[in-house]
Amino acid sequence: MTRSRLNFIVLPALVVLVSVVALLLAAGTNPWEPIRLIIQGSLGWPPFESGSANKVGDTFMVWVPIALASAGLIVTFNAGMWNIGIEGQIIMGAIAAALVAREVSAPRPLLVLLTIVAGAAGGLLWGLLVGILRTAGGVNEIFGGLGLDFVALSLTTYLVIGPWKRPGVASTSGTEIFPADSFLPSVGGTRLSPLAVGITLLAIAGVWLLFRGTMYGLKLKAVGRNRPSSFLMGIPTDRYLLGAFVICGALAGIAGTAQATGFHQKLIPTISGNYGFLAILVVLLARFRPFWVIPISFFFAMIAVGSSSLSLRLNVDPSLGGVLQGVLVLSTIFGLGWAALRAARESPVDDGEVG
Amino acid sequence: MSGFINALVDMFDTATIASIVAGASALLFATMGETISEKAGVINLSVDGSMMLAALAGFVVALQTGSVWLGFPAAAAVGMAAALVVAFGSIRLSLNQVAVGFVLFALCTELSRFLGDSYVGRPGEAVPAWDIPGLSSIPFFGRVLFQHNLIVYLAYVTVVATYLFMYRTRRGLELQGVGERPEAAHARGIAVNRLRYLYTALGGALIGIGGAAFTLDLKLGWSDRPTRNLGWIVLAIVIFGGWHPLRAAFGVLLFGALQAFALNLVPEFPNLAQVLPSIPFPAMILVLVIVNWKALLRWLDRYPFLRAILRSDPPGAIGSRFEVS
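If you're matching them up, the sequences are chains Z and C in order.
Here the numbering used here is used: the first residue of the first sequence is 1, the next is one more, and so on.
Here the numbering used here is used: the first residue of the second sequence is 356, the next is one more, and so on.
Among the hints, a few may not be true.
Every beta carbon over 10 Å from chain Z, so not counted as near; a handful from chain C, in silico [as the list claims (entries may be wrong)]:
1. Asn361
2. Asp368
3. Ile372
4. Thr420
5. Pro483
6. Val512
7. Arg523
8. Glu535
9. Leu573
10. Phe677
Not close to chain C: a few residues of chain Z, all C-beta gaps over 10 Å, as computed [as the list claims (entries may be wrong)]:
11. Gly57
12. Gly137
13. Arg166
14. Pro194
15. Leu284
16. Phe299
17. Val323
A few chain C residues facing chain Z, derived, Cβ under 8 Å [to be verified]:
18. Leu448
19. Leu450
20. Val455
21. Asp472
22. Asn548
23. Arg549
24. Ser633
25. Leu643
Please keep in mind that the hints were generated in silico from the structure rather than gathered at the bench.
Just so it is clear, CB atoms sit at the ideal spot from N, CA and C, and this is done for glycine as well.
Only chain Z is shown next, with the shape it has when bound in the complex (with noise of 0.2 Å):
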């Protein structure tokens, strides 16, 4: 066990570190210099320097949705499904946070309280949507989240090019910056929002405690496992299934509050910044659990914030970061077959699905 344990870690590393440095080898470049670029663009270089604070902070606000949309995406892939309109649900969210910044005045805790609240329905009542179309209406999730993630899309591009656009300039570079009282509360001059951090961290120990602690975790766990017998043991898995839409629908409409009130603070129409499938990613390497969602995203981050330097200062496509997380993920989870595969092989019994 701990040979094939230190198989599915090691050689996963081994194919990364192997396919990047061939590609960027081919890209004719020196192989170490993005990856210190990446670190340089998202922590400073050396790491956490003085000046480095910005950087820090945005790298911080770009781990909120992520960690939080991945959070998420553990309860519903718990229940067996595969949230891909995740995305929609951050957009969601983002344009109900930006309508009550927008359009609401209140006492500036009270507006943060209300973009955080607004936000978490906007995203609640699309991922709900998911659900009904599943339960109700028979519709395999992943093709009705993505045609509910084509329409938010639509539905931001539209608000910010048509009602909400800027006075006089109709561009897709954003609406107006919303007011500063709706903005979440950053510390030192950064975008860091410590309550966005600790509402994040908030969240992940809620799933970890729904899936070790409570009975709802547990059925829920069960309808993934198998619908057919939940059934028959009296679980009623459609309000199981809408639940699970429900409480991963709210915390991408958190994770998309946090994109527009406290990153971007504006509307702009790539406002998702694609996170929720990076989310995707990041819990399939976790494995679905919890903790290991705060690390990797947190990489994951870096990599998003690192790599935008890397066209800047190499000339060498951002999108090296991405496929990096790619080519991580995949041999992560193909490290993890052929490791099942060979103890299948040395003990009869099955351990278990894996992946």
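Starting from the structure of chain Z, add chain C where the hints point.
Same frame as chain Z, now just chain C:
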């Protein structure tokens, strides 16, 4: 309102219909590929990424060799390689097909951006136009059907060939058996997993050719993620088409018509110019949602004729793995 009517009237223009017929070629290839793969029981969810990477491969190979016809086999090889990764992961390693497909989608997309960066905006090769002698001079139909190029004709030939193969040959019956009842197929002496590898690879090759049809014919050249989201539409159309090649082909044409309609609306609503081109994507998926609505299906069950046309049932063993016990 009059804007809508104008746009609708423009749809019946000969040139518009001809452009829908020609524009469907890429998605027809990819949809046939995915239909074959899913019919054998393997969902290749990576289409959106692998089609894009294949599109890049086709463009680059055609550019380097100066021959557009070498681009297509290169793209087919890339699509096939991606499909084989999905097949290997799900058949040999018993991994979840959706997981492998999704990760591969993300990886191939980013890889196409990374490797294609230096090709953005460079002029490349294009499939030459070729009117079919004789047929192309028929009034209306000649313009609509026979004044395109070899790749467009080949796309429609592929549709008919897929249909004939699947429903009119013994090998096609085996393909269906492998996807519907692998145990029964196995009992009849069919090598289930070998056939699944074969048809997933074949499907991947067609998906790759679809990608190259974009960069070498429909949307010449390379830009950032040129076929973005079209792979997801392919997956949706396969379901919409009820895993039947001819119905899926109808779905592709319907999507093309929606796109043409959205484009026709742009001059009527210029302030929505940036939103309209994206409308066919949600529209197409919403059509899928309606067609799959349980209540509608129950209603259809009372009308066998309509049911046969509209109902779509997935292959029995889709997405599952088969092991000889």
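*Could you check the structure against the hints above and give me the numbers of any it violates, in ascending order?*
12, 15, 17, 22 and 23
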